[in-house]
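Novice: Use the sequences and the hints to build the structure in full.
As a plain string of letters, each chain reads:
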Amino acid sequence: MITASNPSLPATAADLPEPKRWGDRLFKTITFLSAAMVGVGFLLVAYVLIQGAWPAIKLYGWSFLSNTHWNPVTDNYGALPFIVGTLVTSLIALLIAVPLSVGTAIFLTDLAPLWMRQPLTSVIEMLAAVPSVIWGLWGLFVLMPWLHDVPYTWLNKHFSFIPLFAGPIEGSGACILTAGIIVAIMILPIVTSVSREILRSVPDLQREAAYGLGATRWEVTRIAVLSYARRGLMGAAVLGLGRALGETMAVTMVVGNSPKIHASLLQPGWTLASVIANQFGEASGEIQRSVLYEIGLVLVGVTILVNIGALILIKSIETPGSRRT
Amino acid sequence: MSHHDQYRKLKSTFMSVLAVFCALLVVLPLILVFFYLLKMGFSSLNLNFFTKVPTAAGENGGGMANAIVGTLELMGLALIMGVPLGLLGGIFLSEHGSERTNGWIRFGADVLNGVPSIVWGMACYTLVVVPMGGYSAFAGGLALSFIMVPLVLRTTEEVLVLVPHAYREAGLALGIPHWKITVNIVLRTAFKGIVTGVLLGLGRVAGETAPILFTALGSTSWNHSLKEPIAALPIQIYYYAISPFEDQNRQAWAGALVLIVIVFLLSTSVRMISNRRKRA
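Note that the protein sequences, when read in sequence, are chains A and B.
Taking my numbering, the leading residue of the first sequence gets 1, the next gets one more, and so forth.
Taking my numbering, the leading residue of the second sequence gets 326, the next gets one more, and so forth.
Treat the hints as calculated values from the structure; they're not laboratory data.
Where hints are given, some of them may not hold.
Unchecked claim - The calculated lysine-lysine pairs, modelled on DSS-like cross-linking and capped at a C-alpha distance of 30 Å, are:
#1 A:157 to A:260
#2 A:315 to B:517
#3 B:505 to A:28
Stated by the list, open to error - Just a few of them, taken from the derived set where beta-carbon distance is under 8 Å, the chain A residues facing chain B:
#4 30
#5 35
#6 136
#7 308
Glycine included, each C-beta is placed from N, C-alpha and C at the ideal position.
Specialist: Spelled out as structure tokens, the structure:
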């Protein structure tokens, strides 16, 4: 019989020699370094853009952001036409996409018959999978000519006294409004699916309580669901804004690519992302390339801020503390 | 029933109809795009399209064989460069990270996910194209892999977290080193989920145009080296769409049809894999 008195055998597991865990340590370090690449990627983008933009930043200073000129001949560059173009197209896109998306999300969570919900969700996922350049192609050859022939001509005929719809309209139909509509279509899926997640996270108790008080269907949605989910829905909209700001290819193909600021939505314009796509490859000279890096810097700065805002808004509805809103 | 109640009911019905209308409007663009892709694209597809390279501008005929192969090549490069990083990062989040570091890494990945894809093109232009002295397939693949990493990282973490803890504990009780448990037990259990995430990422980068526009550049001939520019369907569609020649416009539609088929093949295989997982 073996007893603990034998000095060569350990008495308990704690006395066993520490196992060599170098494999574990190595593996953990490798995975950590891979995860840390997220931070590295971030610094890389910041470094590349700032370094590339530095000559332009030194040359133009803050006035770059408010300068409306874009003249490669005299090297006089300003970003304001692109900033305005980006903001206006994104705003149009949000005005169209957010109500439609929230309406669809309400339909999907509270109204649609059960058998219809999954197929409809799949259709919206398919919408999200269509590449940007295909929306651009369709916009260029189908949507744009139709918009020009029917609504734009009508708007211009009857409402041209409003500066927003002043003419003359481009023969092709390429303009800020067309770009806004295409971007709206492209952000519909993301805003819809995030809104749907948000509405699904509203506890059923909320709805039942409202029904119990004798509310109609719409009143339940308005009082119990929408007011509860308000912050999250705002987050969905802001997330859509982040996508809209960065939309590139489809916008490049339908916006008209003109560095001018017009009051009219029916005039061509240009956006931050699309001017990079259009000019960066064949930038004439170091200054123009540097200017495009600075435009990239503005674009990234704005989208990152918008995305952080969206993440905070969406996260806030997941924590129990936000119920008081 | 009072007038007010009738008004409330009417309003409720009206709003329900409005919601249905919204859903219809959301689906409409997809139907229209499909209709035109089939109508314009299908009639333009022929054998030449799949076997020939583009002709000189203005000449009719030619095809996108090099662009189709180029797109597949770029997807392969993105897969090789992007997936290991994303996968290992996802493993760190689910198996090793503390609550605090995980929060930061997730946040960083979500923010990177929202960076406009054209910016990755600028970054790879500066980091690869300028030092190497020319546009290259490698630069294009790298730009696409930057887009894949955060996507794969997040989906990997999501599926690894679903693996029951008892599996890991069973391994630990047998005295298996932690890393072997991760590789042989956790990864193997979650394999289908990981493949789903990778395919979703590939579907996303297959159609990306902006990041490869000034890295891979596009080309009208076959690619023989990673150091040369390479053709890709999205780039070819873009240039042919804005081209003044009708024959090139026609081929843009055909290219778009082929591209959407590639994208949807990837997403249907995703659905098939995840359905089988549910049944198992």
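Novice: Evaluate each hint against the coordinates.
Specialist: Now the hints, each set against the structure:
1. A:157 to A:260: 23 Å, holds
2. A:315 to B:517: 28 Å, holds
3. B:505 to A:28: With a Cα-Cα distance of about 12 Å, the restraint between residue 505 of chain B and residue 28 of chain A holds, given a limit of 30 Å.
4. 30: Cβ of residue 30 of chain A sits 6 Å from chain B, so the hint holds.
5. 35: 4 Å, holds
6. 136: 7 Å, holds
7. 308: 6 Å, holds
Of the hints listed earlier, there is not a single one the structure fails to meet.
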